[in-house]
Structures are given as C-alpha cells and as structure tokens.
Amino acid sequence: MNLTEFLAMGGYGAFVWPCFGLLVAVLIWNVVAARRLHADARRQALRRLAAGQERS
Amino acid sequence: MDWTWLHKLASPPHAYRIAALLAPWFGWPAFLLIVVGLFGGLVLAPADYQQGDGFRILYVHAPSAWMSMFIYATMATAAAIGLIWRIKLAHGVAAASAPVGAWFTFLALATGSIWGKPMWGTWWVWDARLTSELILLFLYFGLIALRTSIEDRERADRATAVLAIVGVVNLPIIHYSVYWWNTLHQGATITKLGKPSISGDMLWPLLVMLAGFTLYYLAVLMTRLRAEILRRERDASWLRTELAA
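Protein chains in written order, with the numbering used here: chain A, 5 to 60; chain B, 33 to 277.
Chain B on its own, in the form it takes in the complex (with noise of 0.2 Å):
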C-alpha cells in the first residue's frame, strides 16, 4: 500500500493548512449541536421521576466525563504512535489534547459534586468512581508539568509519552469502577449492554450533547495543534512563505 499521502499529511506545513481548513467545520456543527443539546436538555426533556429537575445535570456532568476519557485515550495513541514511528505531529497532538482534557475532567468532577450535594447529601465521597477520575486530572496535570519541566523538545515528548502510555490503565478502573466497588455512582446510562437505561426522549439530548463535544474537542485542537507546530517548527523555511502570506 502506497503511504505517501500519510507522510504528506503528517508533514507539518500541511498539516499546519489542513487543521486550518478543518477548524472551522468542527467548530461550527459543535456550536450548534451544543447550543440545540443545551436546549434540549433544559428545556425539552421531561423532568426525572426521581430527581425532578436536579437530573439535568447529566447532560453537563456525563459528556463531560466521557471526554474526559476520550480525549485522554486519543492523547495516549497519539503519544504511542509519536513514540514508535516517531512522528513529531502525533506528540503534537498529544501536546494540544491534555489542557482541554484537563478542563473536561475539571467539568465532570466539579458538576458531579455540585449533583452530589442534592442527590446524595455529599459534595464528595471518596469511592472508586470519584477517586479514580479525581486520579484523571492529577494524571493530565502531570502531563503538562512534565512536558513543561524538560527544555529538550523531543526529551519531554518521549517521557510524556510514556507517562501517557502508563496512565491508560486508569481508564478501565475509571470506566468499571462502579461495578466493581461498592458505590454511591449510578451505572452506566448509554454504554450498558443490551439497552440503554434512560428513555429516548432524555436520551437525545444526552447523544447530541456528547457529538458536540466531540466536534467542539477537535476544533480545539485544531487551533492548538497549529500552535504547537509553530513552535516546533521555528527554524522551519516553510514557515516563511507561510506566514509571509
């Protein structure tokens, strides 16, 4: 198989234009996604049996934690593929994905409290669920005090690289943490086998907040990634003819 269009893409002028370009066509489907998710979840979606209206802090706290992972496993592959085919792009990647995988883990460990103080009577616990995402944000600001603390560019990318790599082991304790502690965390509410346990007409605007997210994750790192390629292309004559433009 012909991979000269990977190489091509995973050079850094190209893709310093390509994440300009996509910019954009993630940040716009975001905002609206997430503008309609918010108003789906506020305002269209029926109050809980349970919770009243004090459960529309899911469509905050669940898409919220759910990035908080997922951006973390994209940060960690990417890390992994910088380290054995030594792309210095994926580091990049990996660079610009722990801030705003930080602010996401920050988003679900603070809203969760905020959820908690109601619903459980406790603005924290320390079980597994908590504990281990609590763990999470340690992990993502190691990260970026690690990369920060070495002045060597690709040193700082190799070791947090593997610290990276190492820290994925979390996301299973994180995800299965409910199961296999005793806890005051809910189940699963999407990803439980067979159906999910929320009904359809709470559930949309659950799904369309998490595509937003997601959307709203990649044009972020689109901005940042393009940051990071600057950076680490200073001495670069593409820069030239680029920037003069």
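So that you can see chain A by itself, here it is in the shape it has in the complex (with noise of 0.2 Å):
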C-alpha cells in the first residue's frame, strides 16, 4: 500500500481525516486548557499569598 492510497482511504478521505484530525486537535487543546487553567490558578494563588503578606 502507497501512501496516496493510504490517504485516499478508499474514497473516503474526505470523511476519515477530518475525524482523526478533530480528535487530535480536542486532545491537545484540552492538555493545554488543563494545564493553562492550573498555571493561572497558581499564578492568582501566588499573588494572593504575596499580598497577604504584605499586609501582615
């Protein structure tokens, strides 16, 4: 098997890779979400502690 073969996805390309490449793009735009919303949670928490600090 070629790889224009293996592209063509006998005939349903057009329906096959749209799928794969929704899935792929889901998948890592959710790590990044995950790891965005922890960095910021942290980052807030950080800034919280700081000023509480300079408070006291």
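Since the hints were derived computationally from the structure, they do not count as laboratory data.
Mixed in with the good hints, there may be bad ones.
Said to hold, decoys possible - Partial list, computed: chain B residues near chain A (C-beta under 8 Å):
(1) T36
(2) A105
(3) K149
(4) W212
(5) L216
(6) G219
(7) R256
(8) A259
Claimed, not checked - If you want the footprint, here are the derived chain A segments under chain B, 3+ residues with CB under 8 Å:
(9) 6-15
(10) 20-32
(11) 38-50
All of these numbers come straight from a predicted model, not from anything done at the bench.
C-beta: ideal position from N, C-alpha, C; glycine also.
Hey, can you piece these two chains together into the complex? The hints should help.
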C-alpha cells in the first residue's frame, strides 16, 4: 500500500481524516487548557499570598 | 472500619499533591495507548466489507461517545458524593469533569455527523440516538453555565450537583435509544450481550483507544482538579508552604 492510497482511504479520505484531525486537536487542546488553568490558579494564589504578606 | 485514610485522601493538600503525582502516570500510558490505537485503527485493521475504509471513523466516534457518557456518570457520582457527605473535593471532581465531558460529547456528535454523510446520505437526523446525545451536550453546557452563574461556591456546588444527578436519566435513554426507537444508527458493537458483533482484528484497536481515552480523561482531570483545589482553598494556610516550595 502506498501513501496516496493510504491517504485516499478508499475514497473516504475526505470524511475519515477530518475526524482523526478533530480528535487530535481536541486531545491537545484539553491538555493545554487544563495546564493553563492550573498555571493561572497557581499564579493567582501566589499573588494573594504575597498581598497577604504585605498586609501583615 | 477505619476511614481516616479516606478523609486524609480527600483533604485538599493531600489531594493536590496526589493529583500532581498521578497525572503523568495516567498521561503517558494514555498517550502510548492512543498512538497504538490510532495506528491499529488506521493501518492494521482491515477495511470493512460494507463501509470500506470509511468505517475507521468508528475508532474516534465510539470511544468518544463512550467517554461522553462515562464522564457524565463519573461527574454525577462525584456530585452525589459531594451533596450527601459534604465532601468539597467531590464537587471539585465534578466541576473539573464537565468541560472534558463536553468536549468528548462534541467529538462524538461531530464525527458521527461526518460519518453519517457518506453512509446514511445525511449529516444529521432527528432520531433518538442523535437527539439524546445532543441533549447530553446541552446538559454539559447547562452545568458549566449554572456553575459560573452562581457566585457563592457552596450554592453553585449544590445547584450543579442536583442538575447533574437529574441529568443521569438521559444516560440509559442514550444507550437504549437504538433499541427502543427506529433509527438509522447501528446497535451496540462491544457491549452486546453474548459475543461482540465485530471481529477481533477490528476490535482490539477500539479497546486500546477506549483504554487510552479513559486514562487521558483521568490525566486531564488531575490537572483540572489541582486548579479547582487552588481556587477553592485560596485562604488556606497549607497553600503558603505548598506553593513556596
């Protein structure tokens, strides 16, 4: 089987590849979003702690 | 029985640390399983005798649909635990699960739609399976919106927990919809009583993907849960020592 044949997916390439592309995009996005969420929460917590220290 | 270990586990500082510890143990196996599953599904599995290579969409669609329901069930269970035993961490698990569940529901609907076009000749039909899955997506949206719309965290936890638990009704409707109503959608592939209606060389990549997706969800859940804990424990003293390190 050559590459063009593989990409053609027996004529279903236009349907199969968008599905797998969508999957990979969603999987990557969810990891990035979760990590960003945690980093933001951490930054906010540190800022609050620093502000609290100044007051006391 | 001694339950102190459970209380210790459910205490925010412990959960925060354990979640950090577990995330890579879920994440890397998930990555490997999904890569193997993709290769198996796209390359190794033979083409279907009816649908040719078009059937390969199954390897994205079916595990996504399964995850959309599995995550909902997990979320509703966590919400119920939070509601009954007043465990804040359980509400955190529910809150962290909703967006991931919504994404998998979206994937199931989108890939189903793309699959429907060549096989059924239409992107969408308003039949029971598709409609109930769409309702699941709206349930996730409703839960996320409800949580963000209530300022007081404890009230938000309780309100979303109640909605999440009520929404569980939709899960058996989704599962049995293909038997209860006439539909274009095919019946169950793996969970059919007796033997699965799929041959072994087509089945294994599906199971590998399923395992990979489940571990992936747990990995993302761990990271999201850590963010939840940080936001819920904003004034706790343990944060000072934890974050200073």
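Which hint numbers doesn't this structure obey?
1, 2, 4, 5, 6
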